[in-house]
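Enquirer: Given the structure of chain Y, go ahead and fit chains F, E and Z with the ligands onto it with the hints provided.
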Amino acid sequence: MSTETLSLGKALNLGLRRAMEDDPKVVLMGEDIGRLGGVFRITDGLQKDFGEDRVVDTPLAEAGILGTAVGLAMRGYRPVCEIQFDGFVFPAYNQLVTQVAKIHARSRGKLPMPIVVRIPFGGGIGAVEHHSESPEAYFAHTAGLKVVAVSNPVDAYWGIQQAIAAPDPVVFLEPKRRYWEKASVDRDATPGPLFASRVVRGGDDVTVLAYGPMVKTVLQAAEAAAEEGRSLEVVDLRTLSPLDLEPVYDSVRRTGRCVVVHEAPLTLGLGAEIAARVTETCFHSLEAPVLRVGGYDTPYPPSKLEEEYLPDLDRVLDAVDRSLAF
Amino acid sequence: MSTETLSLGKALNLGLRRAMEDDPKVVLMGEDIGRLGGVFRITDGLQKDFGEDRVVDTPLAEAGILGTAVGLAMRGYRPVCEIQFDGFVFPAYNQLVTQVAKIHARSRGKLPMPIVVRIPFGGGIGAVEHHSESPEAYFAHTAGLKVVAVSNPVDAYWGIQQAIAAPDPVVFLEPKRRYWEKASVDRDATPGPLFASRVVRGGDDVTVLAYGPMVKTVLQAAEAAAEEGRSLEVVDLRTLSPLDLEPVYDSVRRTGRCVVVHEAPLTLGLGAEIAARVTETCFHSLEAPVLRVGGYDTPYPPSKLEEEYLPDLDRVLDAVDRSLAF
Amino acid sequence: MTALQQATEVVDPVPGADAPHLPTPPDLVQLLTPEGQRLEHPDYSIDVSADELRSLYRDLALVRRWDVEATALQRQGELGIWASLLGQEAAQVGAGRALRPDDMAFPTYREHGVAWTRDVDPLHVMSLFRGSDMGGWDPLATRFNLYTVVIGAQCLHATGYAMGLQRDGAESAALAFLGDGATSQGEVNEALIWATTFDAPVVFFCQYNQYAISVPIERQSNVPLYQRAAGFGLPGVRVDGNDVLAVLAVTRAALAAAREGQGPTFIEAFTYRMGAHTTSDDPTRYRLASELEAWKLRDPIARVKAYLSRSGLADPAFFAAVDAEGDELAARLRQGVLGMADPAGTEIFDSVYAEMTPPLAQQRAEFVAYHQGFES
Amino acid sequence: MTALQQATEVVDPVPGADAPHLPTPPDLVQLLTPEGQRLEHPDYSIDVSADELRSLYRDLALVRRWDVEATALQRQGELGIWASLLGQEAAQVGAGRALRPDDMAFPTYREHGVAWTRDVDPLHVMSLFRGSDMGGWDPLATRFNLYTVVIGAQCLHATGYAMGLQRDGAESAALAFLGDGATSQGEVNEALIWATTFDAPVVFFCQYNQYAISVPIERQSNVPLYQRAAGFGLPGVRVDGNDVLAVLAVTRAALAAAREGQGPTFIEAFTYRMGAHTTSDDPTRYRLASELEAWKLRDPIARVKAYLSRSGLADPAFFAAVDAEGDELAARLRQGVLGMADPAGTEIFDSVYAEMTPPLAQQRAEFVAYHQGFES
Ligand SMILES: Cc1ncc(C[n+]2csc(CCOP(=O)(O)OP(=O)(O)O)c2C)c(N)n1
Ligand SMILES: Cc1ncc(C[n+]2csc(CCOP(=O)(O)OP(=O)(O)O)c2C)c(N)n1
Ligand SMILES: [Mg+2]
Ligand SMILES: [Mg+2]
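So the sequences go chain by chain: Y, F, E and Z.
Quick note: the first sequence uses numbering that gives the first Met the number 0, first residue 0, plus one each step.
Quick note: the second sequence uses numbering that gives the first Met the number 0, first residue 0, plus one each step.
Quick note: the third sequence uses numbering that gives the first Met the number 0, first residue 0, plus one each step.
Quick note: the fourth sequence uses numbering that gives the first Met the number 0, first residue 0, plus one each step.
Just chain Y, with the same shape it has in the complex (with noise of 0.2 Å):
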């Protein structure tokens, strides 16, 4: 039997160690993540058993290890790169935004770019400054780039192999406070296609958008609406780009109302482009406007506010009470 109870973190772990045991040309580059195993401890125990030749400890230089992915990437070698924190992936914006993103298209095909970028992302774990941001719209909106983010063990196990797979770049989004959390996985299972959402619990009232870290809170929410008699409906997204909005049509053209929650900043958040398409494509069913949960229109605050600046429960019932309220 090949299930068992495996934390975020550690199913992440597993995940890599098989996509390098199947694929020889999978390198692992990141600051600290050979010897020390990540400072989440997520690439524990690989360089001892892969080398140093695949997991590599890199100089303190993230444009560096973006950079050197892409020549990896055309010697066809398939980088998989640890960003230590979500907050230190921009120095490496520009090879990203102008090169991983765009060198598929500028070659016309030619120049492969299968690059996976890990990043731990998200608050609420007490830390200084740019330990704690959510920087995915910034990827979203970067045409050339995939963007995923994942909310469990199970999905953390089976996407990260799948990302690693996938011909393209995949910028890979991973719930640091959930870390820690577990899931029974079973190893032998076929996983579902990494680039699509998921309804992760049936309702009929509101539909309410999550993914990452907040797929917990909203199910947690969900579960408080349930007990007043409010039935949601919860999509996890799991992948930002592309978007994979029918299940999401399909569920507020029966529910009518639609609340999208996220720990980003609102303004051009993830948020902003669901509320936009949600609202073409299913205008005639809208009861009420798309509403939106997120972090404020400030940098990440001092931990001691973190609670205040991050949506949770309150916040989501929050929404749907207004969404119901229309």
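These are calculated hints, taken from the structure and not from any lab test.
Just so you know, these numbers come straight off a predicted model, no measurement behind them.
Possibly wrong hints are sitting among the right ones.
Derived contacts from chain Y toward chain F, CB cut-off under 10 Å, selection only [stated by the list, open to error]:
| id | residue |
| --- | --- |
| 1 | VAL96 |
| 2 | GLY125 |
| 3 | ALA139 |
| 4 | TRP179 |
| 5 | ALA182 |
| 6 | GLU272 |
By construction, the Cβ of each residue, glycine as well, lies at the ideal position given by its N, Cα and C atoms.
Expert: For chains F, E and Z with the ligands alone, coordinates are given in the frame of chain Y:
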């Protein structure tokens, strides 16, 4: 009489000159802005008149430009940085997002950060890769920055001075393909506020929003629509962060229909945020969903294809038709 | 026997220690050996009074005491994290004391010792690590910038600030701190280019503490870091970072040169991070305990104490008084941290802009109304 | 008289020329003087057959002919812009000819001369400048990467590719091209760190053509660029970039070292951009005509011609044949450009991803339907 006919580029040049005369702390920095006067000649003649300490030809490194601007700002200067083309802002992205945007909040207001980042943006000039992009959504999603886009010589002349005088960091977007468009500028006038949108053509049937280079396109579309008996109200957004949507809400409450136009890729472009807000605020007035006309979700194409990539009069009218058909 | 041989000699006998990172002559500037013996150096002489020496010792000791207390407070859950300076006291106090009041320092996140020399209240540093703010001190009044967490970003700030000093005709300098890992960041290298291109009055002070979290120098450079400077056309100096006198002398000289218009200098302070990277780190995963043992013999405080004692410049009463002062300091800090009020929720909004925007004001109002809803 | 004195001597007599950028001994590797005299160099000897010499001349001449034709086509509106290599033919042909077929080159946007040596069809380069595509050649088949417009970004790509070569156990190398301005980009400096840290088989070939658009070297470095290398622990060499033999020798040696596992080298090819930065540029705004006149005496093609003639290795018929070939080439290119079909609109969508996404497929479908609407 100080009213004269100026091109948008010349208006910027004169606006910069006046700002430098008014405040000795204003320092211009950028690649080729000194002796050459900038690749678009926006800073023409300024180094000659203000010297090399106030018009600084910098090393070829955008992070260096923004990063040293931060230090100059801490020392009481008002740096005005030129990024040569939109596609070259990304090496400076780390400084812009993690430092320029956050230092005021980080210091709880103790560190001033009155930096202007001038960026010629948008396409339509037949250029090679990276010279035609519209990165504004990246900035508007970044809390701590303010973002404006001018569309005409009058706003250019006043706007650059207002941006420099503003106490916060301002990304100042210049519609490069309109640099040569002319208008009459009264240099003794009292300008309106910088962070305000403006209705530039009244109308009753559909509210159409644009900014920067697309304002002219939309005004032409409104002209064409008028000939077919359709009355478009056109709003020049001018400020992309903060958004000033009150005039838009007023308009949409009357017209019931709204179209947003920009060159940037559709997904998570400014149109997404505007659609979400207009829908939330004007839900019961809307007779059609907010429709968006934008660049496609692809890298900016080779210039032989840019006419097909960029929104034009016909695509605007097509969206107007679709809106009216709802 | 040269100064350096003396310095390394004490390390050799440690059983099991491979002490892999010891510099070879003639690169290291040293004025005080690990055994507390004063040396002369042809380029970097220094004249310190007895008072000054004692006050340097006091700074070193109090800064360490603060650090120890902060680590304890973190263990007890009162701080979210703490980045210990243990072992780097001399590098930081030496560099900080070389500054004049009108100079400006640009720290990373570990320069508590420099903060101390700038009269920054330690509580204003600890509030950052507690998560109450992002540093409570006034960076312009103290001329000590806020901590910068994004590796290397502050080097460009310091350079730009120095360009401002130039334009002001001020005879002051900027002092940028960075780590060994930071030297790999593109922005840091750009700062060297800017500094040399504009001859800016900035000094780069790199604490080579042997690690960037778990990563040793082999991953950042295959030549000693101070040699990086020559390729950019600025002088590079390697100083014994555990020798407060040498650091003081070298940094003073570099700052003086900068103020006099002679341009930037790059200083590599050769030192060792005796603690973990931060309280979240587990150094046993990547380094041998014997390495630490070897470095303990080069402790930056012990040598000053030895020198003061042996030369009769301080007596046991002095050391006892400093110890007592340290305990008082620790008690004050502990009390201060425990008594720190949580920030008001509205602080999330209030300093984002100098000029608040209407949409953010609206979010703030909604935030207030929402939380009032809970209270009522 | 040393090689260098000979090289500079010809410049001095030019009236009005301040020739500000001439290197001082003993830094420059030169094997062929501007007057066409062969020199020996202790470290870089080269044995070239008469055939090889003639074919080098042919490359230089044809590449210039191509460049002239492209500039003309731009003036006539057939290209959107053109980045001329005028004056840099020897640097590019020399470097390109040093490559083995299994090596991989990473150009900027100006290395038409290298493209030529990789048998890239000039039309595939010109289609980029026409705006039809972003380079029509196959970068993996030709082992010549696509042009990279973002300054310096390709240096990291080359280094990563070289790390791939290492992992493959391939005895090949990567050759990264960059300009003098590019040396200021953080990413370029990171590439030097990566290359040395991993001992990657990559050679950095910097064409110091005296300008980054309008900006002279004083704004990028206060020491000669080849000296930058030492600070990162790799060898730096300065070669006369207008001397195709010296460039060939130096680059060959560096590539050989890289292939043999001796790590990276940084080459500074000292040359001059005789034309404008691009056809959009107006160099009269920032440099004196006399400077160009001085450099004309160091023309990279004239000296090969002089050597071939004087040594009897080529006769007038040979030069006439090359000229004729140049005219044929120009005619073919002109015809090819004029005949270039515009790309199909759907190309906007078709290569964004290896696996097309449903939303993009929908945008494509809408695009097609919209344009069909116009046709019908
Ligand atoms: C741009 C960036 N990338 C990664 C990190 C995560 N990080 C924090 S400290 C550190 C190591 C820094 O090493 P060094 O520069 O030697 O300074 P030290 O901690 O040793 O004082 C890393 C990788 C960061 N803060 N910023
Ligand atoms: C990141 C970036 N910033 C700015 C530019 C605009 N630009 C194009 S070429 C150039 C100068 C390059 O100078 P150099 O590296 O010396 O190469 P050269 O053109 O002389 O061959 C500049 C500033 C760019 N392409 N990329
Ligand atoms: Mg370190
Ligand atoms: Mg150049």
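Enquirer: All the hints need checking, so say for each whether the structure fits it.
Expert: Evaluated hints:
The beta carbon of VAL96 (chain Y) comes within 5 Å of a beta carbon in chain F, closer than 10 Å, and the hint placing it at the interface holds. At a threshold of 10 Å, the smallest CB-CB gap from GLY125 (chain Y) to chain F is about 18 Å, leaving the interface hint violated. Against a cut-off of 10 Å between C-beta atoms, the interface hint on ALA139 (chain Y) holds, since the closest Cβ of chain F lies about 6 Å away. For TRP179 (chain Y), the interface hint is violated, the least distance from its beta-carbon to any beta-carbon of chain F being 27 Å, above 10 Å.
The interface hint given for ALA182 (chain Y) is violated, since its Cβ lies 31 Å from the closest Cβ of chain F, which is over the 10 Å cut-off. A distance limit of 10 Å between C-beta atoms decides the matter here; for GLU272 (chain Y) the minimum to chain F is near 4 Å, and the interface restraint holds.
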